[in-house]
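There are 2 protein chains.
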Amino acid sequence: MLPVALDAMGGDRAPGEMVAGARQAVADHGVPVVLVGRPEELGDTGGVAVIPASEVIGMDDDPGQGVRTKKDSSLVRAAEAVRDGRASAMVSAGNTGAAMASALLRMGRLKGIARPAIATPIPNLGSTPTVLLDSGANAECNVTMLVQFARMGSAYASLRYGIAEPRVALLSIGEEKSKGTPLVREVHSALAGDETLNFSGNVEGRDLLHGAADVVVTDGFTGNVALKCLEGSLRFFMETLMRVLRADDEVARAGNVVLDRLAPVAAELDPEGTGGAMLLGVDGVCVISHGSSSARAIVSALRVAHDLAGAGLVARLASAVSS
Amino acid sequence: MLPVALDAMGGDRAPGEMVAGARQAVADHGVPVVLVGRPEELGDTGGVAVIPASEVIGMDDDPGQGVRTKKDSSLVRAAEAVRDGRASAMVSAGNTGAAMASALLRMGRLKGIARPAIATPIPNLGSTPTVLLDSGANAECNVTMLVQFARMGSAYASLRYGIAEPRVALLSIGEEKSKGTPLVREVHSALAGDETLNFSGNVEGRDLLHGAADVVVTDGFTGNVALKCLEGSLRFFMETLMRVLRADDEVARAGNVVLDRLAPVAAELDPEGTGGAMLLGVDGVCVISHGSSSARAIVSALRVAHDLAGAGLVARLASAVSS
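Read top to bottom, the protein sequences are chains A and B. Counting in this note's numbering, the first sequence runs from 1 upward without gaps. Counting in this note's numbering, the second sequence runs from 1001 upward without gaps.
Do not take every clue at face value.
Claimed, not checked - Listing some non-contacts, in silico: residues in chain B with all C-beta distances to chain A over 12 Å: (1) R1013; (2) H1029; (3) P1032; (4) G1043; (5) T1045; (6) S1054; (7) S1158; (8) S1189; (9) G1193.
What the hints assert, rightly or not - Here are the computed distance ranges between Cβ atoms for each label pair: (10) A:G193 x B:N1256: 50 to 58 Å; (11) A:R68 x B:E1140: 31 to 39 Å; (12) A:D260 x B:P1052: 57 to 65 Å; (13) A:P32 x B:G1193: 53 to 61 Å; (14) B:E1140 x A:G193: 21 to 29 Å.
Said to hold, decoys possible - Here are some chain A residues pointing at chain B (derived, C-beta under 8 Å): (15) I173; (16) G205; (17) V225; (18) L230; (19) E231; (20) F236; (21) V251; (22) A254; (23) G255; (24) L262.
Just so you know, these hints were derived from the structure itself, not from any lab. Given the structure is predicted, the values throughout are model-derived calculations rather than measurements. For glycine and all other residues, C-beta sits at the position ideal for the given N, C-alpha and C.
Just chain A, same shape as in the assembly (with noise of 0.2 Å):
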């Protein structure tokens, strides 16, 4: 099968942990990978070939201009070789705006969809993740591009965890179908009228974390909101719980006993487990890792591109849409 194309230079952690994520991924997944960058700032990459880029988008570059005038870029070249039948999946932990421009204008949008969707994995104890789409592709959004969100996360949901019929879910500011703005109550009509998916109302921001659904939709200014919220409060809860902990010998001893406990939860929950998030709705797989991504989720998000390319994620989708 095709490599994937990892982005060699995105994130804060590049070069270094994409090189090693990617050696990786080859050596003990047997994930087929090219990366994709300056050469000569890889350092050994073990074998795994390299597709040059003389040019990065950083992580602050402004991503429409970043792609238009870096065309020697590694984001663009990713997604090119996507295109170009090159690589099977491209995979960024880089400038996420840049990511989506990149796979947006070599790739090209999938038919039939108006605007593709950031779709994020939130991770719950005990069961598969709840994925929240849009999650920041989409300031603004309207009833058309709600509909295909959560037609592209139905089916995304369930290739990816193996779900006969995703519950699908929609934001909302109370469970009744009368809550909310009346896009939100017109998507909510849309959806419960919706015979392909399996729609079980509104959720609100408190079930997010309690794996009140499989799928939840929103526009992509709230699904930001929402998501950083929910990042913001596990590690502030992380960084008290460490600092109370450390305050002295009496409470770090016990402290010990308590963290071993908590290891197994902890990693149930790490983001960078989950295999990154994935922008639904252009014409390739393009996986979108978070900007901390260490080699370890790198090579989660390897065998996750792999993975939904293998099974043909785009075909699932594309027909999700216009059945």
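Please build the complex by placing chain B on the supplied structure of chain A, with the hints as guidance.
Okay, now just chain B, sitting in the frame of chain A:
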């Protein structure tokens, strides 16, 4: 000074915890209180006066219909007591929508205010809370409303927490002024040009628990989702921690040490200590306490309502918006 009117029938734990809270506020803090509700259901009020009201708007009742049809409800009578100069403020832990509707319909809007907003304090460790508004009154907002929310929020934070020039931020999906919906971008410009405000730019969802601003402005849909994400994730984390700490005797012993040390932190973050949310923009002081409020939460709410009424909150809000 006039008493604070407490809706004795509102909330999951009414009337028991309401009456207990009223008695404590009077006895321990010298806050004058009048209970509003069904006298025969209140038990021993310990001498706290009662304004009789024969009806109750339930937690799940439609707010508008409840206020229209239940004219002798505790919520409507509490709002009328403020309007008629028999109470300095109202406090309710009942149906939030009905509390808003009662306050709005009986007290009226504050002159010059397009729409009232719910301002919710988000606790911060080691500093004053961040005031989030609108946290749910208006699912859809326009520029005028959001600028007024910023001004009201600033005046409120200043009066309540003694902050000379509260840092006011706008909730968006990136720090740059180009981020967000067209509405958010337009509001950013308006706030940046508002010389009455100490505007510090955009914040993201992950900043809300980190004290990045004194006031965070957003529409009531996004604000409600954000607040419930924070509440939900903190509850999730506490529940998960407690479950792990009770798994067996060894961890339980260590857990007791850890929980002792966490207790002061948990107390700082406890929403029961914040005094509840405030409906800003009606012609009177209206505190909306959490539906699950205990007597302790009600004492906080009554004290805050009493203090802010005495400090002239309503006049300050009117002045902030008209200047």
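Checklist line | Hints that the structure is at odds with (numbers, increasing) | finding: No numbers; nothing is violated.
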